[in-house]
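*Asks:* Sequence:
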Amino acid sequence: MKKTFITSLILKPAQFKIALVFAGLLAFTGLQVKAQDAAKEDRITYGAKVGFVRANIAQDFENVADARSGFAGGLFMTYKINDWLSVSPELMYARSGANLRPGTSIWDLYITDYNGFPQIGIDDFDDIDIVKSSLNMHNVDLNAFAVFHPALLRGAIQPRFFVGPAIAYNMYTRAQQRAVLNIFSPDAPVSQSPEFTANRNWSSRIRNWDLGAVVGAGLDFNAHKLKYTLDVRYRAGISQINAYRNEVNQNDFQSQNVLIMFGIGF
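Okay, so the sequence shown: first residue is 310 according to the numbering used here, each after it adds one.
Careful, some of the hints might be misleading.
[Stated by the list, open to error] Derived DEER-like restraints, expressed as beta-carbon distance ranges:
(1) W393 <-> R487: 48 to 56 Å
(2) R487 <-> F361: 18 to 26 Å
(3) I569 <-> I353: 34 to 42 Å
(4) P459 <-> R352: 17 to 25 Å
(5) V489 <-> D375: 13 to 21 Å
(6) T506 <-> A455: 44 to 52 Å
(7) T506 <-> A545: 50 to 58 Å
(8) L520 <-> F457: 19 to 27 Å
Don't read these hints as lab results, they were simulated from the structure.
From the three backbone atoms N, C-alpha and C, an ideal C-beta is built for every residue, glycine too.
Sequences are here, hints too, so could you generate the full structure?
*Replies:* Here is the structure:
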């Protein structure tokens with residue numbers, strides 16, 4: 310009898326059984342790999358965030374200025390370790406700073422050009438009234454959070470709590486000031502009180518690196534393949550940021566920010 314593939318399988322049932330077992334193992338392994346890839350995809354979320362910042366400057370964690378509003382935005386990734394714990398690094402841009410209170414100036418912002426006179430300072434006038442002083446700080450933030458998901462509150466809307474370190478790099482700082490100069494001249498029939506506005510690069514007076522800590526809470530909204538996030542966080546600076554220290558100015562200052570962030574993950 311001529312041997313064919315079918316008859317060879319019939320003549321050798323042991324080999325046929327081995328082939329079936331081998332095929333079954335291949336199919337099972339393929340399904341497991343596919344399931345692991347799907348599970349891995351579910352564990353990792355990438356996305357972008359934008360938000361609103363209320364920034365301030367503190368001394369011993371007490372505000373010494375008025376809050377200033379700014380913008381924040383950047384990228385994030387979340388890796389789900391298990392059902393209740395994730396890790397989430399972020400790379401963000403944040404515009405922070407502070408509005409210094411009228412009548413005071415932490416960094417002596419009295420230097421500008423006015424009416425053609427170079428480098429006019431406070432000593433050139435009998436009196437100076439500061440109307441408004443502000444610092445505009447442009448930072449790049451690197452955050453790393455441990456994220457906790459309460460086990461009893463899972464569903465389409467899931468709360469989360471997070472905490473972790475934050476490192477900010479100050480790329481650029483601009484100081485702005487509006488003041489009234491009271492000039493009393495015996496030769497003038499009336500006193501002069503002109504206003505001027507200072508707008509100068511103040512980066513050298515702010516330290517480049519600012520180490521801080523972040524704590525916050527938020528909500529995740531699951532919608533098919535997208536995940537929307539909303540969170541509120543408080544960032545407390547730990548390192549002092551005053552790089553302009555002299556005999557008069559010996560104070561240590563820290564940054565303090567409150568952020569509201571909205572994000573979309575994939």
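*Asks:* All hints are to be evaluated individually against the structure, with a verdict given for each.
*Replies:* Here is how each hint holds up against the structure:
Between W393 and R487, the C-beta spacing of about 52 Å keeps the proposed range 48 to 56 Å intact. Between R487 and F361 the beta carbons are some 25 Å apart, a value that agrees with the proposed interval 18 to 26 Å. Roughly 25 Å separates the CB atoms of I569 and I353, a value that falls outside the hinted 34 to 42 Å. The beta-carbon spacing between P459 and R352, approximately 19 Å, falls within the hinted interval of 17 to 25 Å.
At about 19 Å, the CB distance of V489 to D375 agrees with the hint of 13 to 21 Å. Taking 44 to 52 Å as the suggested C-beta distance range, the pair T506 and A455 conforms, at roughly 45 Å. In this structure, T506 and A545 break the distance hint of 50 to 58 Å, their C-beta atoms being roughly 32 Å apart. Against the hinted window of 19 to 27 Å, the Cβ-Cβ separation of L520 and F457 comes to about 23 Å, which satisfies the hint.
Hint check: violations occur at hints 3, 7; the rest are consistent with the structure.
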